[in-house]
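*Asks:* The chain contents come next:
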Amino acid sequence: MDIPSFADLNLGVTLPAVFLALGTTVLLLIDAFLPKERRHLTAWFALAGVLVSFVLTLFNFGSSETALAGMFVADSFTGFMNLVALTAAAITILLSIDYLKRTGNARGEFYSLLLLSTAGAMFMASANDLIVVFVALELLSIPLYIMAAFRLNNAKSEESGMKYFILGAFSSAFLVYGSALIYGATGTTNLQEILASIGGIVEAGSSAIFYLVIGAALIVVGLGFKVAVVPFHMWTPDVYEGAPTPVTAFMSVGAKIGGFAALLRVLVTALPFLVAGQTVEPVWQNTIMIVAALTLIVGNFVAISQSNIKRMLAYSSIAHAGYIMMAVAAAANPFTADFAARSALIYLLAYTFTNLGAFAIALAIEKDDGSGTDIKDFVGLARSKPVLAAAMAVFMFSLTGIPLTAGFTGKWFVFQATMQAGLVPLAVIGVLTSVVSAFYYVRIIVNMYLSDGEGDEAAGATPLVNWAVYISFAGTLLLGVFPILATNLTETVTLLASVAP
Amino acid sequence: MVPLWMYLAVGAALFCIGAYTVLSRKNAIAILMGIELMLNAVNLNLVGFWRYQAPENMSGQAFAAFVLVIAAAEAAVGLAIIIAVYRSRRSVVVEDVDLLRW
Amino acid sequence: MQSLALIAPLIILLPSLGTIINFFWGPKLNERFSSLIGITASASTFVVWLVLFSYLNGNYYQPAIVDLPILDGWIRIPSVGLEIPWQQRIDTLSVTMMGFVTFVGTLIHIYASGYMHGDPRYARFFAYLNMFLAFMLILVSGNNLLMLFVGWEGVGLCSYLLVGFWFDKKHGVGLKNSNAARKAFVANRIGDFGMLMAIFLAFWTFGTLDLYKPTEVTNPHMMEALASGGGHGEEGAAPANGAAEEGGHGEEAPAGEEGAGDHTGSAAQLVSLASDLPIDQEGDHGEAAAEDHGESASEGHAGPVIAYTDNTHLTFSQLGIFAQAERLAQLGEGETLERGDGTTAGRMINFGAFELDIDTVITLITLFMLLGATGKSAQIPLFVWLPDAMAGPTPVSALIHAATMVTAGVYMMVRANSLFHLAEFSSLVVTIIGVLTALSAGYVAMGQFDIKKVLAYSTVSQLGFMVAAVGVGAYGAAMFHMITHAFFKALLFLGSGSVIHGVEHGHHHAHEHKHDDHGHDEHHAETFDPQDMRNMGGLRRKMPITYATYLIGTLALAGLYPFAGFWSKDEILADSWVAAIQDGKFAGFVALGLFVAAALTAFYMWRQIEMVFHGSPRTEAAEQASESVWSMTVPLVILAVLSLLGGFLNIPSGIGLFSFGLQGVFGEHTLSTWLEYSVVHLHVGAFQPLIAIVSLVLAVAAIILANRIYGSNKAINSEGLDPLEANPASRPIFALSNARLYWDEIYGRLFITPFNRTAAFLANVVDMAFLHDYFHDSVITKGFNGIGRLLSHPIDLGIIDGAVNGIGRLTRWISGGLRRTQAGYVRVYAVALLIGVVAVIVFMLLPVLQG
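Residue numbers (this note's numbering), protein chains in the order written: chain F, 1 to 501; chain P, 1 to 102; chain C, 1 to 851.
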């Protein structure tokens, strides 16, 4: 085996993620050496780091190169996912600064953890090797475990962290076992090489196909847990409710970005021809379809009976994972794979803005002791905080999928992709459940606008939180009215480019 | 030479024992040990596969090394969280940790 | 001339500006300024409409497709051929809709400036009204189904906001209002599901959502008529002498015109003036072109040059969805046609796993469209929201829930007439739904006491007429009735608002006078309902202008000659009768049902007149009522004039002197002919004297009957009962009507309760109890404790009990015996995860094992 030269590593294209990962170490040092009265600056350094990485991503955008001896790939898919993850991180930083202060948890390592987790999501989006998928997944998850338990002396937060950790570690064991089986069947961990060797295995009909299928199933399980799809969703409501709200906000978005990026990459790039019998579609399509349908049904229906906004948004995030899962199912068809991947990207962007915005409002009305997150607490908000209420209404409409909001754009593309792949029943379930979702989203709006009562004074709505709301609000509307801004960026995304079917 | 399937069988058995430990033990530390067992079962698989299927390509060994490192990181974080829970509740029994439900 | 069409985007932009100003700065402005901005924004859309109207008239009714420069390529992914531009279509149908939307909208803005006086959220109200106008205009002018859907959802949103506008009213009224708003929203969401499915299916089948593409000929029949020099005898604007030879010249399609055809510019210009060179649709050249026109016009009368009289110059994929559907439906078995990009299209549409014939697909699309229309246009089974929506302020009821938004469903179906024409089964369903709605809503309106509820059910009933008209293919009649109905129903709603205002005013007046005598006035204030007709009576003398205009509206709605409703309702009846003769028995039921519904209309409207205006006042409040302010009465008068004259828009031929010789002024079948340029399958029906006489006799008889029952101050007897209610013979009939046929109750039983139960079941039993308790306690714990115990006490499994009594008791019960007070939840989650793992592996391995 040749030892690659430094130039072969092609470090340039890895810079956005690598910069962020290294930057966190520096950030820890900065935090440690800053005088106590200047510690509040750590958050701003973190934000600057995110911005630098954002700019670096933009410079690299549209390239299509591999790096680090083929383990890392930087293409439009990576670039778009990076932008989404970094946006999420930036908004989360804005949300965290005052929240951590008022709940007495303002410690600088929070931002290092957040950036590490973001870097994990970015590495997952650029993974071209099963080893990188696993390591990046852990880089994403381990900081999240700590962040979930970040509130000192808060039983709920600790419990949330513990549950997330036990179940997360348990599920990643399945993922890595699955990776090992695929390695055993193909003798490689590189996604392109796996793709190249699958054809022979399928045609020969050797027993290695069992390793492959079980391996693929276990990878679906491990990543399905991260993105919270049924039946791997049980942890979501508990963890979302207990974790500090900014962490919940980031978790609901960041984990999905990383999880879906890796899921699409592994299934579409490496395993599109994992077929059995006479079919054309890979064996994982049916599984993904059923998982998506179950996720849509359980997520949307159970959300109706929730009374806590964080739990409701947890079930809502399960439901939205179902919509993105529809796109993954559509990506099984080689002819629609690229369009489906693009629709998933657009959905993720739309979901990021909308969901972060919704969590920002929930954070604004939350009391310092973590109470005040009941749906009843939204009563009369339109009177006490008209701007926040209007923004929340738009977020809820966007989550429902009303036109001219980002949510509609996302749903539109995902449903289109599903129809194009010929999965009509799945599309029907998607549309029907999105009708059902109106019930619980509109309840918030009714509480804010149409119910009698004194509004909450929204103590958490500090200027920084307001800015986070404005950014999410602008993103939600812009993507709704000018979808072309996002679709232009996804134009060059292709997961099948390297090998023609 | 010991055939490959024996390594795989031991690996699978270890993995199942680990999973069983996670499901059956109440003590959080024991659950953590179960998870470690599962990860090490994977290592056994990886190294076995490397030796028999693709000895010219080091990625199996590299993977195993990464799994080891990550297992250590997970254990560290897990223990820290368990200690935090123990400090507030004086218990590491996971069944006592049930504030969040429904 | 064509540059005139380029101002079309303004018609959306102006009300949007009004919304923004009033929404953000409204609270800082005073009432006068807020209303001024609202009214100006609305009135300026009407001015834009005038320009668009004159554009069409000056351009031989040829449609234009206008791009918005800044939204160029609204949604576009070239690599998969997905392209949905933001385009407005200016044709006779959309301009007709825009006409009455902007006109009635402006009047209602003026009215609202008086009606909403003193409301704490005055500016917000005008912001919402303007926003509604903007969305409504997007709906009617959009050139693709997605824009139509954006408007569709937008008007629904505004309706939701405006119905619940008074959510903070005291004494539980606010709660009722917000519930009504939610009901409207949810019912409309169900309809929206239909629309979305229709859109997806259409996109899948045709690969585009554009209704029409640039240079596409909408109605070849009319183009040929135009080319052969004279159209359908329209009033004045029809091309004269020069047209014939110039038209012939055009049919040879000179090279220059070919160039124009290939041009994929913004305006769908098919006709140009004689001296015109190839039309350049680039914006820069627009002015130059307009000057050319001016010169040629001054040279003398020039006819149009027709570039194309049909769509043979366009390939399949260059057509909009309607023309594509027609081409596909004409194909024989196994025939294919070139798409134009190398691929071919056949009758069978591939949906991945299965294939469907184009006829089936069109039927599905139209049925889904119908579901959408039943939501928005309040038809059975989704009409229940409209009567409740009367909780909103009265101008809202008049604008949104009578004149404009609720007609969107009918508009959409008329727009899609090509599809409905191809789908006979769907047309049949449309007809049945329309007739049933017209009948049942008319019947329910008979037994209501709330002045606005009567009008609401009347609206539902009249919409049923329009839908039935669409079903029998009488698209012109449906549009005609939509326009006249917009006039007189807006008039009636505004009149009822004026009555409510007057009675409320009278109530306050009476209240002040008696203040010294009564200590418990507060109680009185709570129970008085200014909308209850039992509290009215004798308002004729108190509110003379309101009375006179209301009477005109009533006669128009009842269909009395020569009011507007007579002409339009008669055309629907006549067309459905003709359809009955042509198609046999079933359509006969249609005509009969509509006759009965028409008689019911006259009856309940006259009952209302007797209860509200005639007789003597029944309450202190009615005694003290006074006429409303001028800003409210002026719109009433204007609308009354239109209710009187609106029918002459579409005078049928062969009517002789009964039209007062107004054919000379208005022409015959003016509206139908005008619409025919955009509605391919519109048929101009002849006048049926017999039908007219029968319907007139029925209406007069119903009015006389109502007068006998309710007249001479008998409208409400001393016990506060309706005469029909007091008479034992008619009591059941009245009671059933008063209870609104129990629709809401049936829905509660059928849908709402099971829906809530399902949600609760999934939340409590399936997601929690099943995984937490059943799996944990039964599978793991019990497994440890031995199978014997399981067999000996099967009920300990807790399945039966758990399902019945829910999770709480089950947990306690089992744990009591097993000393497991709290299930270890983390581990239960892990079990669920493991089960998921096994399920996924098994499911993915199955095909491998089979294969």
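Hints listed in this document are in silico derivations from the structure and should not be mistaken for laboratory results.
This one's a predicted model, so the numbers in the text were calculated from it and none came from an experiment.
Ideal Cβ positions, reconstructed from N, Cα and C, are used throughout, including at glycine.
Accuracy of the hints is not assured; some may be wrong.
What the hints assert, rightly or not - Under the rule of at most 27 Å between Cα atoms (straight-line distance), these lysine-lysine pairs were calculated in the BS3-like manner: (1) P:Lys26 / F:Lys156; (2) F:Lys156 / F:Lys101; (3) F:Lys376 / F:Lys36; (4) F:Lys101 / F:Lys36; (5) F:Lys376 / C:Lys169; (6) C:Lys453 / C:Lys169; (7) F:Lys376 / F:Lys101; (8) C:Lys28 / F:Lys376; (9) C:Lys169 / C:Lys28.
As the list claims (entries may be wrong) - Not close to chain P: a few residues of chain F, all C-beta gaps over 12 Å, as computed: (10) Thr25; (11) Phe33; (12) Ala106; (13) Leu137; (14) Leu152; (15) Ala155; (16) Phe170; (17) Val435; (18) Ile471.
*Asks:* Report the numbers of all earlier hints that the structure fails to satisfy, in ascending order.
*Replies:* Hints 3, 8, 13, 14, 15, 16 contradicted; others consistent.
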